[in-house]
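**Q** Going down the list, the protein sequences come from chains D, G and B. All you need for our numbering is the position in the first sequence, starting with 1, plus 2. All you need for our numbering is the position in the second sequence, starting with 1, plus 2. All you need for our numbering is the position in the third sequence, starting with 1, plus 2.
Keep in mind the hints are simulated off the structure, nothing from the lab. Fair warning: there could be bad hints in the mix.
[As the list claims (entries may be wrong)] If the Cβ cut is set under 7 Å, some of the chain B residues that face chain G in the computed set are: (1) L175; (2) I320; (3) G324; (4) I340; (5) I343.
[To be verified] Simulated DEER-style distance windows between Cβ atoms: (6) B:I24 <-> G:A79: 48 to 56 Å; (7) G:S116 <-> B:F7: 55 to 63 Å; (8) D:L110 <-> B:I24: 43 to 51 Å.
[Said to hold, decoys possible] Take a look, some chain G residues computed to stay more than 10 Å from chain D by CB distance: (9) I164; (10) F293; (11) L316; (12) L332; (13) I340.
A virtual CB, placed ideally from N, CA and C, is assigned to each residue, including glycine.
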Amino acid sequence: MLMTFIGVPLSVIGSLMHWSNIVLFIIYCLTIVALASYMGRATESLAIVAGPRIGGLLNATFGNAVELIISIFSLKAGLVGIVLASLTGSVLGNLLLVAGLSFFIGGLKFKRQSFNVYDARHNSGLLMFAVIIAFVIPEVFSINMNETKTLSLSIGISVILIILYLAALFFKLVTHRGVYQPSTEKVAHEEEEPEWGKGRAIAVLFIATIAVAYISEHLVHTFEYVGETLGWSELFIGVIIVAIVGNAAEHASAIVMAFKNKMDIAVEIAIGSTLQVAMFVLPVLVLVSLFFDTTMPLLFSWQELIAMVSSVLLMVVISNDGESNWFEGLTLLAAYLIMGIGFYLL
Amino acid sequence: MLMTFIGVPLSVIGSLMHWSNIVLFIIYCLTIVALASYMGRATESLAIVAGPRIGGLLNATFGNAVELIISIFSLKAGLVGIVLASLTGSVLGNLLLVAGLSFFIGGLKFKRQSFNVYDARHNSGLLMFAVIIAFVIPEVFSINMNETKTLSLSIGISVILIILYLAALFFKLVTHRGVYQPSTEKVAHEEEEPEWGKGRAIAVLFIATIAVAYISEHLVHTFEYVGETLGWSELFIGVIIVAIVGNAAEHASAIVMAFKNKMDIAVEIAIGSTLQVAMFVLPVLVLVSLFFDTTMPLLFSWQELIAMVSSVLLMVVISNDGESNWFEGLTLLAAYLIMGIGFYLL
Amino acid sequence: MLMTFIGVPLSVIGSLMHWSNIVLFIIYCLTIVALASYMGRATESLAIVAGPRIGGLLNATFGNAVELIISIFSLKAGLVGIVLASLTGSVLGNLLLVAGLSFFIGGLKFKRQSFNVYDARHNSGLLMFAVIIAFVIPEVFSINMNETKTLSLSIGISVILIILYLAALFFKLVTHRGVYQPSTEKVAHEEEEPEWGKGRAIAVLFIATIAVAYISEHLVHTFEYVGETLGWSELFIGVIIVAIVGNAAEHASAIVMAFKNKMDIAVEIAIGSTLQVAMFVLPVLVLVSLFFDTTMPLLFSWQELIAMVSSVLLMVVISNDGESNWFEGLTLLAAYLIMGIGFYLL
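The following block holds chain D by itself, in its conformation from the complex (with noise of 0.2 Å):
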């Protein structure tokens, strides 16, 4: 975990040097893994604090913050693709992967493990609605549309999602808090003990959420080079490289999360984060576009617009009952792998 202590500053000297991008990739990666885990274990103690449900809500928070910087940054130079495809890998990374390694790994240690119905529920609504109606609606519609036309539907549907994603805090935060969860649960969470005390783990979130976004920013310049070199398409690289390393924080804290079976946090990590990417960052990113040159309508391509609806049928399916064990997580993983290498052949 020493990693960080030497990362950070080799990745702003390495930066300003202008070493070789290969090395740099691979500087900046390995940084951002060992600040994702120290996140995680802020996370952790936070979630401890805090209770399962806004400590979930802290992990999406902080590892979408990261992406929606990026994605600003990308939408300023007019490359909508780009941000729609590490989009998708997002909302893909997190539902296949994430949820699949947590799932796995969590069920190497665990025979079943089980996770709040309820918020199962309620968070396969919101997929259903995000992806299958959301997304699918402007694919569609925008078939006999002209670019105008597509252009409002866009920005109508953005608004309608960001409002539905406040109404859902809302809901879970305010008039439903509790009201789906077991009383027991709450009370085996208070007696554990947080690693660091409150004011730390704030700090070292924050800090650490700044050094992320800085080496992040300097990450996405080298898969130029990194991509001519290894042969990866920018579709590829959009999709399955931004999405890892952007999603790392969540990863860890999932797996980590699963491993300690406290199996609602991680599925809280994995839905929570997709949901935010689909119904908060995507739907402000739309709204953001309109003031630069390039304009962002709600429009995947048909093949990552296909990979998110049959991710969330697959993951409702999988989620509804509330249990898991490592063969569902390896379910998960195997449609990640066939997603990646659809992505890469394309």
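Following the hints, put chains G and B in place on chain D, whose structure we already have.
**A** Structure of chains G and B alone, referenced to chain D:
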């Protein structure tokens, strides 16, 4: 509620004296809504006497009789596109708007509302069958078929839909009557006092249905002018406006039931009505169209089909646990709003 | 049941003496059905000894061994389209016809039948993975791919399908054997008396399988003439006729099990057999085709793909509650009938 006694004669006089179409449009709509609330009260009285299932069935029947009559007149005039649009709108309206409003408004009063989970699953299976199988298959197969074969397939599927719909009634009312019903539920309903007697309720329902049918027919002819004046497309009028006004009866009574925490009846009205349109009204119209000049194959536009498919998938996931709350209602309403914007811009 | 002792020698003599194809077709079909009932009785005897899971596995294996052999011969002859059609038919036949008949006929005798809900959910996840992910992704991604890349993607997905299928067996039979099984169930099975001893049952299964394989191969050659005489298209013969006759064994034994209220085994045969075709027979054939002149990518026609996708979605919704009744069976049969009409007219 005195609107009814003013509205009905006013509608008759107005249509005979050829008042301005915008004025007539407003009078017609208000009168139908007023009549619908009467029908709601009459249906509720009958529902208390007859039990929740037959009550729900009555609601669906009296709501859709109007639609069947209007659609037959439209088919006779060769308006196949408008008939399919208004039936799509009826499916979307019942599934998203009626159920959404019931869940939302009921959920504002009660924290968690529950309905018979067996009925919900039975309905889910039928929704999947009707929309995902019976509507999707002719759409995909007709790509490689000529017109004659497409019509043959449509006729075959229509006959199967009607037979399965009758079998579903036989299942619900004869072989499995009360099998999936908790015994306590029935007792609770019997204790309530119906507002009107059986005879009076039936008389009110009968007269109101005729009045609604009469006014609806005239209402349809004002749409063209209203559409031109307000800049609405025919598709938007068919899918959204006809559906909202045409299903006012279901809207009113479903929301009243939800507000009284009788979610079994509210869900039965919303989903039962969807199923009646999809499995009975639509296939009957396909068969009836064979006697007219213009035949109507079971072929929706891709936008209509995908809108129905995604709505059904959302509804199945949301209703499958036999519980509802305000947020689930809001999700359905948000989905309806997205569809509405889409069809408006199309 | 003496049909077997007449049918097998009659089939051999008939094929050697080149009787009329229509006569041979009828003899072959009747003999296979007779043999299938023998295989059903032998499998049932073994199932009582071995428990429901292994019993179901045995059923699926002995039903699909025949298909694998026929398909390899067809591939060698370059008939890629017919192989994909007959595998599609096998998936549809098992999922809709076999399960539909089991639910329907079992439901005529018993009001409500239940099966292991954990197994049903496990199977739902695998069905979603195999059809919605592994079959849909190559179809959508290949639109923008050349032939070489499509074949690479097909090979990758085939290897993943086979590995996940083996992992599923490992999960069911090793790491989670009996984890999701109510303990009472096993006891109930052990008390029953098997009709035949283990040795005799295995011998009957072995001989009957060889006889079925021999006759099936000859049967295939009569299809062309029968199709011409009766006006059936190759697609219809592949999807419907081959599937019905080829899965006669599963049909017979699943229905027998349903009639004895052993729904666990009936569902295991129907869905387990579907999964074996989709996750084992099909990917093995893709890999085997690499050694032949004509390679077979994992690319169905759109009609075949959508038929399978919608069947899987219907089955997941219907089976997810672990209960069945005659109406659910009728719904599946109605879906099969619609597919049948569709492929007949195509």
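**Q** Now tell me if each hint is right for this structure.
**A** The hints, checked one at a time:
Using the Cβ-Cβ criterion of 7 Å, the hint placing L175 (chain B) at the interface with chain G is not satisfied: the shortest such distance is roughly 30 Å. Interface restraint check: I320 (chain B) against chain G, minimum CB-CB distance 5 Å, threshold 7 Å, status holds. Here the hint on G324 (chain B) is broken, as its CB sits about 11 Å from the closest CB of chain G, past 7 Å. The interface hint given for I340 (chain B) is met, as the beta carbon of that residue sits about 6 Å from the closest beta carbon of chain G, less than 7 Å.
Using the Cβ-Cβ criterion of 7 Å, the hint placing I343 (chain B) at the interface with chain G is satisfied: the shortest such distance is roughly 4 Å. With their beta carbons about 50 Å apart, I24 (chain B) and A79 (chain G) fall inside the hinted range of 48 to 56 Å. For the pair S116 (chain G) and F7 (chain B), the beta carbons lie near 59 Å from each other, so the given range of 55 to 63 Å is met. For L110 (chain D) and I24 (chain B), the hinted distance range of 43 to 51 Å is not satisfied, since their beta carbons lie about 59 Å from each other.
With a least CB separation of 29 Å from chain D, I164 (chain G) remains clear of the 10 Å interface cut-off, as annotated. No Cβ of chain D approaches the Cβ of F293 (chain G) within 10 Å, the least distance being about 32 Å, so the stated non-interface status holds. The claim that L316 (chain G) is not at the interface with chain D is violated, since a C-beta of that chain comes within 10 Å of its own (minimum 5 Å). Not every C-beta of chain D lies more than 10 Å from that of L332 (chain G), the closest at about 6 Å, which undercuts listing it as non-interface.
Chain D draws I340 (chain G) into its interface by the beta-carbon criterion, the shortest separation being 6 Å against a cut-off of 10 Å.
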